[in-house]
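Asker: Below, each chain spelled out in residue letters.
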Amino acid sequence: MSDLMMPLFYFLLTILVYLAAVHLQRRIEHPLLNPVLITLLVLVCLLLGLGIPYVDYQAGGHWLSDLLAPSVVALGVPLYKQIKQIKRELPGVLLVVALATIFALTSTVVLAILVGAEAEIAISLAPKSVTTPIAVMIVEQMQGEPSLGALAVIVTGLLGAIAGIPLLNLMGIREPKSRGIAMGTACHALGTARIVQEGGEQGAYSALALVLSATISAILAPILVPLILQWII
Amino acid sequence: MTFPSLCRHIASYVSSVLILLLCLFVGQLAAKYSGGVLPGSIVGMIFLALLLSLGLVKLHWVEAGANFLIRWMALLFVPIGVGLIDNLELLANSLVAILLTCLLGTVLIMALAGWLFQALERRQ
Numbered sequence: 001m002s003d004l005m006m007p008l009f010y011f012l013l014t015i016l017v018y019l020a021a022v023h024l025q026r027r028i029e030h031p032l033l034n035p036v037l038i039t040l041l042v043l044v045c046l047l048l049g050l051g052i053p054y055v056d057y058q059a060g061g062h063w064l065s066d067l068l069a070p071s072v073v074a075l076g077v078p079l080y081k082q083i084k085q086i087k088r089e090l091p092g093v094l095l096v097v098a099l100a101t102i103f104a105l106t107s108t109v110v111l112a113i114l115v116g117a118e119a120e121i122a123i124s125l126a127p128k129s130v131t132t133p134i135a136v137m138i139v140e141q142m143q144g145e146p147s148l149g150a151l152a153v154i155v156t157g158l159l160g161a162i163a164g165i166p167l168l169n170l171m172g173i174r175e176p177k178s179r180g181i182a183m184g185t186a187c188h189a190l191g192t193a194r195i196v197q198e199g200g201e202q203g204a205y206s207a208l209a210l211v212l213s214a215t216i217s218a219i220l221a222p223i224l225v226p227l228i229l230q231w232i233i
Numbered sequence: 001m002t003f004p005s006l007c008r009h010i011a012s013y014v015s016s017v018l019i020l021l022l023c024l025f026v027g028q029l030a031a032k033y034s035g036g037v038l039p040g041s042i043v044g045m046i047f048l049a050l051l052l053s054l055g056l057v058k059l060h061w062v063e064a065g066a067n068f069l070i071r072w073m074a075l076l077f078v079p080i081g082v083g084l085i086d087n088l089e090l091l092a093n094s095l096v097a098i099l100l101t102c103l104l105g106t107v108l109i110m111a112l113a114g115w116l117f118q119a120l121e122r123r124q
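Top line first, the protein sequences correspond to chains H and D. Mind the numbering: the first sequence is residues 1 to 233 in full-length UniProt numbering, read in order. Mind the numbering: the second sequence is residues 1 to 124 in full-length UniProt numbering, read in order.
Treat the hints with caution; some may be incorrect.
Rough simulated footprint, nothing fancy, chain D against chain H, three-plus residues with beta-carbon under 8 Å [as the list claims (entries may be wrong)]:
(1) 36-49
(2) 101-110
(3) 130-140
Mimicking DSBU-like on lysine-lysine, the simulated pairs with C-alpha atoms at most 30 Å apart in a straight line are [claimed, not checked]:
(4) H/84 to D/58
(5) D/58 to D/32
(6) H/81 to D/58
Keep in mind the hints are simulated off the structure, nothing from the lab. Quantities reported herein were computed from a predicted structural model and do not represent experimental measurements. Note that CB positions come from ideal geometry on N, CA and C, so glycine has one too.
Generate coordinates for the entire structure from the input sequences, incorporating the hints supplied.
Answerer: In structure tokens, the structure reads:
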């Protein structure tokens, strides 16, 4: 019986903390109060404080992680809707997102090595601009550290949510579709959630860019990242 | 909620789950037969989009469950993030490198994607 009780407790605890964090963000609208970041901080402090090992927690936590794969499949629905909307411009969008994604993987690995990170960390950071479930799978496939990958994805997303719009203005990217594509490619879902407040057109292009860049990363990263590492080290 | 509408509600979730699992299964088969080169869930996603655009699957068969999963996606990866507690040393040693990479990388990627598409739009 207790074999099931503790995992169930951790499973429910994760959901409860997350719901509380979502509630908190609705009350106080501040981009730093990202529910995932808050939930992570609370759980990490709690487990460390009580000395509970990760394996014990993950006995219940994996019930949530297991839903990641079906949730990636579910992204097929928004993908279909956006492609229908944007059909005519799809080749241009695809070209730009593909180039930007190759650049994203390359620049991230090179930057990480330049600022002194080890290869394992560079690998874990590579898909940082990709939406979390896909980024985590990419990191797992390349045998990096998934939790570091997840952290890099949140940091990147928060950056987009907080500084993305001022950055786009500073860079002189004023055309709405381009703003959406820049945000979706660089800062995935968190950036998309912010830019959609500026306008529906930005939002649609951002969402399309986020799905496309995730797909391209998933296919290219396992081939490209080891090559870059070999070349740079 | 009336009884028939409740039934429709439940049916829409049941059909969503079945379709999502079917697509995932197809994706994982593709992953298996490609020797792990193709990512299963991504193939499943593209397969679902394909079924929708061919009209083989209707949007309302799958929308309820898909929207539910997408709405809760952020929660789903919390347990993986909690894995940081097993990697505190790694994190402490490279926190500055991680933050710098994310910061600089994001600015560069955003600039490139935005400028490229803007240039393309102006040419047309």
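Asker: All hints are to be evaluated individually against the structure, with a verdict given for each.
Answerer: Tested hints:
1. 36-49: Coverage by chain D holds here, the residue count being 7 at a Cβ distance below 8 Å.
2. 101-110: That given contact holds, which follows from 4 residues of the region 101-110 of chain H lying within Cβ reach (below 8 Å) of chain D.
3. 130-140: That given contact holds, which follows from 7 residues of the region 130-140 of chain H lying within Cβ reach (below 8 Å) of chain D.
4. H/84 to D/58: The given pair, whose Cα atoms are some 14 Å apart, holds under the 30 Å limit.
5. D/58 to D/32: 28 Å, holds
6. H/81 to D/58: 12 Å, holds
Checked against the numbered hints above, the structure breaks none of them.
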